[in-house]
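Student: Sequence:
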Amino acid sequence: MSVFPIYQDALTYNMFGKDDLPFYILMSRLWRKYPLHYHNFAELSLVIEGSAEEILNGRPHALRRGTVSLLLPHHMHEIRVEPGTAITKYCCMFDLNILSPDEDHIGTYLLKTGSELPSYYDLSEVQTQQLSKIMDDLFLEYHSKGFGKNTVIRHKLLEALVFLIRTYQDLRDTKIPLNDERKRGVFDMLQFIHIHCCEPLTLTMLSEHLGWNASYLSHIFKRHVGKSFIEYLHELRVGRAVSYLVSTQLSVSEIALEVGFDNFRTFSRVFKDLKGTTPKEFRSHYRQGLN
1 MSVFPIYQDA LTYNMFGKDD LPFYILMSRL WRKYPLHYHN FAELSLVIEG
51 SAEEILNGRP HALRRGTVSL LLPHHMHEIR VEPGTAITKY CCMFDLNILS
101 PDEDHIGTYL LKTGSELPSY YDLSEVQTQQ LSKIMDDLFL EYHSKGFGKN
151 TVIRHKLLEA LVFLIRTYQD LRDTKIPLND ERKRGVFDML QFIHIHCCEP
201 LTLTMLSEHL GWNASYLSHI FKRHVGKSFI EYLHELRVGR AVSYLVSTQL
251 SVSEIALEVG FDNFRTFSRV FKDLKGTTPK EFRSHYRQGL N
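Just so you know, the UniProt record's numbering puts 263 at position 263 of the sequence shown, and the rest follows in order with no gaps.
Careful, some of the hints might be misleading.
To be verified - In silico BS3-like links for lysine-lysine, alpha-carbon gap of 27 Å or less:
(1) 272 with 112
(2) 112 with 275
(3) 133 with 149
(4) 275 with 227
(5) 227 with 112
(6) 112 with 222
(7) 133 with 112
(8) 133 with 145
(9) 222 with 275
(10) 227 with 272
(11) 272 with 222
As the list claims (entries may be wrong) - Simulated restraints on C-beta separations:
(12) 88 with 199: 20 to 26 Å
(13) 289 with 228: 28 to 34 Å
(14) 33 with 278: 15 to 21 Å
Honestly, the hints are just simulated from the structure, not real lab data.
Ideal placement from N, C-alpha and C gives every residue a C-beta, glycine not left out.
Based on the provided sequences and hints, a complete structural model is requested.
Tutor: In structure tokens:
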């Protein structure tokens, strides 16, 4: 029997009022395995104490004090905690649309997570204390009823995201030079693709969503992303397929459908072009490496 990753809609865990931001933060203590799942929101987490293992998009890594993880919508992960141990971490969930048009350079940068940029980092103790202070402030503000609460939360979240970018990346190497008219369009374009990459999606559908001419969109995409729309879409879908191959018992044909390919042969060809091996061989090699 196939086991699918659990879909967790962040809105079912917190009842947002009409005046609330699409954001929440909690401090959680885990003492058992947290099963494979994914969200409709982005997730930023920071380990405060304890240790465990996280399987993030099919790749395992250690969780310890100072490990900070950033997951985009629909990235998959699970947490494995050894019996008799526990891990405490801050976890905040937010909609990427919380960013304003003036902050799209941050959003465009964050959307590189899991492809061009790592999904997690291990902070130094000094950095851990700095980010912990920001998360403490976020947590207290989220549970307060003070005037301007949403404004403070949004700015504190931005402070946390900018802190990560400043700490681990040189913006001069990754900044995308866009004029003001195109900033929002490029960010919306990438976000839409990330969220809907496993659904039927074409350049025409994307152009209609953005209200842009398809030919113009194709030109802008290639210029600012560095690859064609279909190349980018295939990379996202194959990346998701890798997570399914190593984290689930789904058949290869089931995975092809799950990640948006309606033709198995096309899926196998694209997968081999990007990974140098077939999906079946990839799964076999991965499992052999675990033994």
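Student: Give a verdict on every hint.
Tutor: Status of each hint after checking the structure:
Taking the CA atoms of residue 272 and residue 112, the gap is near 23 Å; set against the 27 Å cutoff, the hint holds. Restraint check: the Cα-Cα separation between residue 112 and residue 275 comes to about 19 Å, which is no more than 27 Å; the hinted pair holds. Proximity of residue 133 to residue 149 is assessed by CA-CA distance (about 17 Å); at most 27 Å being required, the pair is judged to hold. At roughly 17 Å between alpha-carbon atoms, residue 275 and residue 227 fall within 27 Å of each other, so this suggested pair holds.
Taking the CA atoms of residue 227 and residue 112, the gap is near 14 Å; set against the 27 Å cutoff, the hint holds. Taking the CA atoms of residue 112 and residue 222, the gap is near 15 Å; set against the 27 Å cutoff, the hint holds. Simply put, residue 133 and residue 112 have alpha-carbon atoms about 26 Å apart, close enough for the 27 Å limit, and the pair holds. Between residue 133 and residue 145 the alpha-carbon distance is near 20 Å, which keeps this suggested pair within the 27 Å criterion.
Restraint check for residue 222 and residue 275: the C-alpha separation of about 22 Å stays at or below 27 Å, so the hint holds. Of the supplied pair hints, the one linking residue 227 and residue 272 holds, its CA atoms being roughly 18 Å apart against a limit of 27 Å. A hinted pair counts as satisfied when its Cα atoms are at most 27 Å apart, and residue 272 with residue 222 qualifies at roughly 23 Å. Checking the proposed 20 to 26 Å range against residue 88 and residue 199 shows it is violated: the Cβ atoms sit about 36 Å from each other.
About 33 Å separates the C-beta atoms of residue 289 and residue 228, a value consistent with the hinted range of 28 to 34 Å. Against the hinted window of 15 to 21 Å, the Cβ-Cβ separation of residue 33 and residue 278 comes to about 30 Å, which falls outside the hint.
Hint compliance for this structure: hints 12 and 14 are not met, and every other hint is.
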